[in-house]
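S.K.: Chain by chain, the residues run as shown.
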Amino acid sequence: NAGVTQTPKFQVLKTGQSMTLQCAQDMNHEYMSWYRQDPGMGLRLIHYSVGAGITDQGEVPNGYNVSRSTTEDFPLRLLSAAPSQTSVYFCAPLGESAGEKLFFGSGTQLSVL
Amino acid sequence: GENVEQHPSTLSVQEGDSAVIKCTYSDSASNYFPWYKQELGKRPQLIIDIRSNVGEKKDQRIAVTLNKTAKHFSLHITETQPEDSAVYFCAARERSGGSYIPTFGRGTSLIVHP
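Residue numbers (the numbering used here), protein chains in the order written: chain A, 91 to 203; chain B, -8 to 105.
Some hints here could point you the wrong way.
Here are the computed lysine-lysine pairs in the DSBU-like style, where the Cα-Cα straight-line distance is at most 30 Å [unchecked claim]:
(1) B/Lys28 to A/Lys99
(2) B/Lys62 to B/Lys13
(3) B/Lys59 to A/Lys191
(4) B/Lys13 to B/Lys59
(5) A/Lys104 to B/Lys49
(6) B/Lys49 to B/Lys33
(7) B/Lys13 to B/Lys48
(8) B/Lys28 to B/Lys62
(9) B/Lys59 to A/Lys104
(10) A/Lys104 to B/Lys48
(11) B/Lys49 to A/Lys99
(12) B/Lys13 to A/Lys104
(13) B/Lys59 to A/Lys99
(14) A/Lys104 to B/Lys62
(15) B/Lys28 to B/Lys13
(16) B/Lys48 to A/Lys99
Keep in mind that the hints were calculated from the coordinates and are not lab data.
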């Protein structure tokens, strides 16, 4: 778990503001993902990446952009924050093999007012 | 894509009782089924997992069973303790475009009363 660092831990935004959630890893994971967690909804995939320069949409991509210019960094951007984006966000490496275990970064709690 | 249903959403037990949480999945191609425990304010932590070629797996007071034919898997916690109180998530993972994408259930809030 220590190999994936998320910043910030907490953030409060006003509607319409933009921000970037940072995810950095030093474990050379090719495959990375962003999930959001909402009460009663479980963890839902926003975007994922299978390598530098390659990203794809998950279940709930609207309102979010990602990029993967390097293997180490996988930032999540909110271009114009909305109250519906109030959530806890987790960055997580995805398994590259069937038995590889999925673990989560420490999370970012975001509130949009 | 995969769809994972998890029941119950809330489970209240007395200390020492057993707790069972059940999940069903839709995609027969899913081959890996992890369970996560999330304590308040913390990240989900993997507690046990099972692959599709295994029917049951145990780790002390925790066990997971898998029925591939019926496409359901369950988490069993015996001799529950107050520190077992948390939200538990199941997931089913399938291969998609070269990666293994997990789909999560909506979670079960387990409350263990002393």
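S.K.: Among all the numbered hints in the text so far, which are the ones the structure does not match?
M.R.: 5, 9, 10, 11, 12, 13, 14 and 16
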